[in-house]
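Protein chains: 4
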Amino acid sequence: MSPLPADMFPPTLGVGLPPGRRPALVSVDLVQAYFDPGSALCLPSEAVLGPAARVLDGARQAGVPVVHTRVAYDAGGADGGVFLRKLPALAGFAGGGPLSQIVKEVAPAPGEPVIVKQYASAFFGTSLSSTLTSHGVDTLLVVGVSTSGCVRATAVDALQHGLVPVVVRDAVADRAEGPHEANLYDLQAKYAQVVSEDEALDYLAGLR
Amino acid sequence: MSPLPADMFPPTLGVGLPPGRRPALVSVDLVQAYFDPGSALCLPSEAVLGPAARVLDGARQAGVPVVHTRVAYDAGGADGGVFLRKLPALAGFAGGGPLSQIVKEVAPAPGEPVIVKQYASAFFGTSLSSTLTSHGVDTLLVVGVSTSGCVRATAVDALQHGLVPVVVRDAVADRAEGPHEANLYDLQAKYAQVVSEDEALDYLAGLR
Amino acid sequence: MSPLPADMFPPTLGVGLPPGRRPALVSVDLVQAYFDPGSALCLPSEAVLGPAARVLDGARQAGVPVVHTRVAYDAGGADGGVFLRKLPALAGFAGGGPLSQIVKEVAPAPGEPVIVKQYASAFFGTSLSSTLTSHGVDTLLVVGVSTSGCVRATAVDALQHGLVPVVVRDAVADRAEGPHEANLYDLQAKYAQVVSEDEALDYLAGLR
Amino acid sequence: MSPLPADMFPPTLGVGLPPGRRPALVSVDLVQAYFDPGSALCLPSEAVLGPAARVLDGARQAGVPVVHTRVAYDAGGADGGVFLRKLPALAGFAGGGPLSQIVKEVAPAPGEPVIVKQYASAFFGTSLSSTLTSHGVDTLLVVGVSTSGCVRATAVDALQHGLVPVVVRDAVADRAEGPHEANLYDLQAKYAQVVSEDEALDYLAGLR
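Protein chains in written order, with this note's numbering: chain A, 1 to 208; chain B, 1 to 208; chain C, 1 to 208; chain D, 1 to 208.
Please keep in mind that the hints were generated in silico from the structure rather than gathered at the bench. Fair warning: this is a prediction, and the values are worked out from it, not measured in the lab. Take these hints with a grain of salt, some might be off.
Claimed, not checked - Here are some, though not all, of the chain C residues that point toward chain B, as calculated from beta-carbon distances under 7 Å:
1) G81
2) P113
3) T131
Glycine included, every Cβ here is placed at the ideal spot set by N, Cα and C.
Isolated chain A, as found in the complex:
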């Protein structure tokens, strides 16, 4: 049950969005910058990594394609655009150094593409949509961070690109409880199917 004040966040118009039979999984920005205590972007918890790793494993066992994203900018930040002006903490990604690397708990397996992105959405300024379409994908499971940032932007863009977005509630996380819950509310209201880890694993197991 959401801890958001119910009077401020009433029931919504969106309906259930059944996932298709040809999903892919995107693991969004599970990089050192969000888990290294020395990073300006560090999240308060690593709790998302366990569920994310289990969903990744479920996808691999079901033969579902997995892609990863990480953020990196040119050494001088020339490709950071307005995003870098708004969020100077993103400068930690300039040069694509250690903060830009995926953490070991959810490391890419051999053959899984890692998409380098500059903006919030995993679709923006990348060839992700083309890769998914050329593989006949119809549904995109989303895990990663942060719920109010790259996860939401990716899920909204998945729908915009013609895919059913499935956001795994336990496998996405944010800096604070408010934006985490408020964005899951919006996603469920308008853009995506929001599911638990167990629901995601059941769905993946059903594809084998």
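Since the structure of chain A is provided, determine the placement of chains B, C and D on it from the hints.
Structure of chains B, C and D alone, referenced to chain A:
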């Protein structure tokens, strides 16, 4: 002051994002569907129309280009994709009938383009970005509805496309207070400059 | 056999690109502007309309989704960008009047979406890719005009978006023989499967 | 004077497209794969490198931003989509090895971003447009290879994104004379300003 619970929505990392000298204004989806009491999408209030109309007027007086958006689908909804599956209430836009028309309080002036879109972001599946770039625009003021839907998606995409998004807090609205405030919080945290109507009018007056 | 000088257009590296089992057909810009003798854009021949109509018919009989495109600009041409500066003849599409309407020989059937575009590619600034992806399409047959303009741009973008482009040689046309043949050469070399009308009809019949 | 048969390539409708005052320069795919005799993609000549290097130098002296592109795919080619099916020779870019590196004659200077792309257009699946917009760019000079492939696709997309494309005839090259000239014809006819090396250098010198 935001009515959101402060413990759930703590201070954020984003900094001020100074608007540029060559703005445009986009008025997002101020159409009958959101103001006609007979529409499934009707908002609880028309209060947004006054501020939106005044900001539109300020832009016109400053010679700032204005564009409008409305939503329309093919008669059969073939171009509604997954969005129409998720939000069946959007079917009111099929055929581009009366619900899809801009309300008179904020009607387009002669020569102001009206962009027809199918998705949340005014940039997605439209040539808005090209139009703005070909006019040398560097900043995009955003008014319209809804805060948690098309306004946020448009502001995020404005930043992603290389523009400074300026969201006019009083001239955007939502179905409920929670998503309205939570999305302004996110926008200010990560993607945009959120300003009051007065600040927007002062900025526009300063361009004359 | 191509009438291009063989020494200038040698054999190429591209291989055959087998079409998939879930095609759609796009009929590109078969509008009055290209067939009305009073239009600055008028082509020297209407010969393309017969083959295009027969391929459209084949697609409909096979239950293959059909979409159409036409070009239209805002009355003032504000959304024509740099394209309108480069090709002033495009001003005939401003306001979306008669020149912007699809000719009767290849008119849309009820339920077939008509995409309004401002640029060369049917994918650019439109939601075509989303529509195709949300319908599980893997292949895009292309008919229409002009070979060196909107047809080529659409075919290149189809490939870039993850689809197999199939260009029907007899059902596309250009202002002159040189650009027509040279662009079919490039398309076959790098981006698409170029087929005859008969091959297209056989392929469509095989899907029934 | 073009060696194309004049009866097949008649005069066209496009007019001159004056470059703006805020250009950038993109150097497209001047990588080992096109110049290493052991590569399946090797071009017959290195003659393009001299003019390209001189235009790069002119841009740097005028303080014009320079970006470079190279092609790279995931080790397994998962992100190569339909392009890799059509052109198996592109597999040389899988893993982003030596063939994917820019040749020394036109090497990036410190601070110049290098965009990694998977498709023909430098804009497709990259954040190039955002980078240019966020820097206020209005014009894009294009040098590189090949004229009928990535150069043309990039120039068409530059126009589609709202920029004036300026293609430097002497600083672009192709596998054969036919597609080189036929694509310059199309670019000049519809999409770009095609200029000589001297015209490009004069334009750049005029910006200092």
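Structure-based check of all given hints:
no. : hint : in the structure
1   : G81  : holds (4 Å)
2   : P113 : holds (4 Å)
3   : T131 : holds (5 Å)
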